[in-house]
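Asker: Once you have looked at the hints, place chain B on chain A.
Sequences listed follow chains A and B, in order. Mapping to the working numbering: the first sequence position 23 is 23, numbers consecutive. Mapping to the working numbering: the second sequence position 76 is 270, numbers consecutive.
Treat the hints as calculated values from the structure; they're not laboratory data. Heads up, a few of these hints could be off.
[To be verified] A partial selection of chain A residues facing chain B, derived with a Cβ cut-off under 7 Å:
#1 Ile22
#2 Asn25
#3 Asn56
#4 Thr126
#5 Ala164
#6 Ser172
#7 Ala174
All residues carry an ideal CB built from backbone N, CA and C; glycine is no exception.
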Amino acid sequence: MSDRVSIESTFHTILQQGRVHILVNNAGVSHIGTVESTTEQEFDHVFRVNVKGYFNCINAVIGKMKAAGGGVILNMASVAGSAGLAERFAYSTSKGVAIAMTYSVARDYIGHNIRCNCISPARVHTTFVDDYLKKNDHGREQEMFEKLAKTQPIGRMGEPDEVASLALFLCSDAASFITGVNYPLDGGFMNLHG
Amino acid sequence: MDLELENKVVLVTGGAKGIGAALVRAGAAEAAIPVIVDRDSEASKNLHAEVRTSHVVIADLSSATCCITTTWRISRFPI
Numbered sequence: 001m002s003d004r005v006s007i008e009s010t011f012h013t014i015l016q017q018g019r020v021h022i023l024v025n026n027a028g029v030s031h032i033g034t035v036e037s038t039t040e041q042e043f044d045h046v047f048r049v050n051v052k053g054y055f056n057c058i059n060a061v062i063g064k065m066k067a068a069g070g071g072v073i074l075n076m077a078s079v080a081g082s083a084g085l086a087e088r089f090a091y092s093t094s095k096g097v098a099i100a101m102t103y104s105v106a107r108d109y110i111g112h113n114i115r116c117n118c119i120s121p122a123r124v125h126t127t128f129v130d131d132y133l134k135k136n137d138h139g140r141e142q143e144m145f146e147k148l149a150k151t152q153p154i155g156r157m158g159e160p161d162e163v164a165s166l167a168l169f170l171c172s173d174a175a176s177f178i179t180g181v182n183y184p185l186d187g188g189f190m191n192l193h194g
Numbered sequence: 195m196d197l198e199l200e201n202k203v204v205l206v207t208g209g210a211k212g213i214g215a216a217l218v219r220a221g222a223a224e225a226a227i228p229v230i231v232d233r234d235s236e237a238s239k240n241l242h243a244e245v246r247t248s249h250v251v252i253a254d255l256s257s258a259t260c261c262i263t264t265t266w267r268i269s270r271f272p273i
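Same shape as in the complex, but just chain A (with noise of 0.2 Å):
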């Protein structure tokens, strides 16, 4: 069986299943550059991922949730939409969009049962970190990423399944008081100094 014919076949048996409940916008790309050494063809691609895509998602499914009676949308940002991270500037930007999204749709649809949030992650050990280091910092790659851990107060990076369970609330009837909130998830990384 091709892939696309076991695609296809995957997507008839969702058609099954019903409407869709909950969107969660996880896909992204990161980007490293100051405003100077960023690109407009890099500044756009990191654009079209991680705000354009956002967008393109809720715009598909905003009104089968309306015309279904509610729905949940929840958005991956990052401490980088809030905060000034150093050459993170198309990045940066990027995540201040989604955290605007967030509020904006948010707002827009609290009439429509639909709550809107998002997250905003610290340093994540993902398989994106450890390819990043095995490029950049080769051979010194223990090292880095002990170094980076450390930048945040908790003295680590978060694991993919932390930041899985607080989705995962967020995205549950046992959060249906919390609409328009960014949640920062950073082992500290936001407010705790010195």
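Answerer: Frame of chain A, contents of chain B only:
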């Protein structure tokens, strides 16, 4: 923890790896129906093999055209 997500359809973009994959696994553990939307077909297939209740849609969401394809598919969900 029972978050009462049973049979809830959860679209997770970038769901094949990292935080998205963790969310797919956690959602499945809560008996939700995770839909992995990702451009990485290999990683999506691998995660689907691990999380058998998940579904997969391959799409590059940075492209409006691709997203229209995805929208078309989603729009055929009975609501």
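Asker: State for each hint whether it applies.
Answerer: Status of each hint after checking the structure:
About 4 Å separates the beta-carbon of A:Ile22 from the nearest beta-carbon of chain B, less than 7 Å, and the hint is met. Interface hint at A:Asn25: satisfied, since its Cβ lies 6 Å from the closest Cβ of chain B, which is below the 7 Å cut-off. Interface restraint check: A:Asn56 against chain B, minimum CB-CB distance 4 Å, threshold 7 Å, status holds. Annotation: interface hint on A:Thr126 holds; nearest CB of chain B at approximately 4 Å, less than 7 Å.
Annotation: interface hint on A:Ala164 holds; nearest CB of chain B at approximately 4 Å, less than 7 Å. The interface hint given for A:Ser172 is met, as the beta carbon of that residue sits about 4 Å from the closest beta carbon of chain B, less than 7 Å. Look at A:Ala174: its Cβ gets to within about 6 Å of chain B, closer than 7 Å, so that hint holds up.
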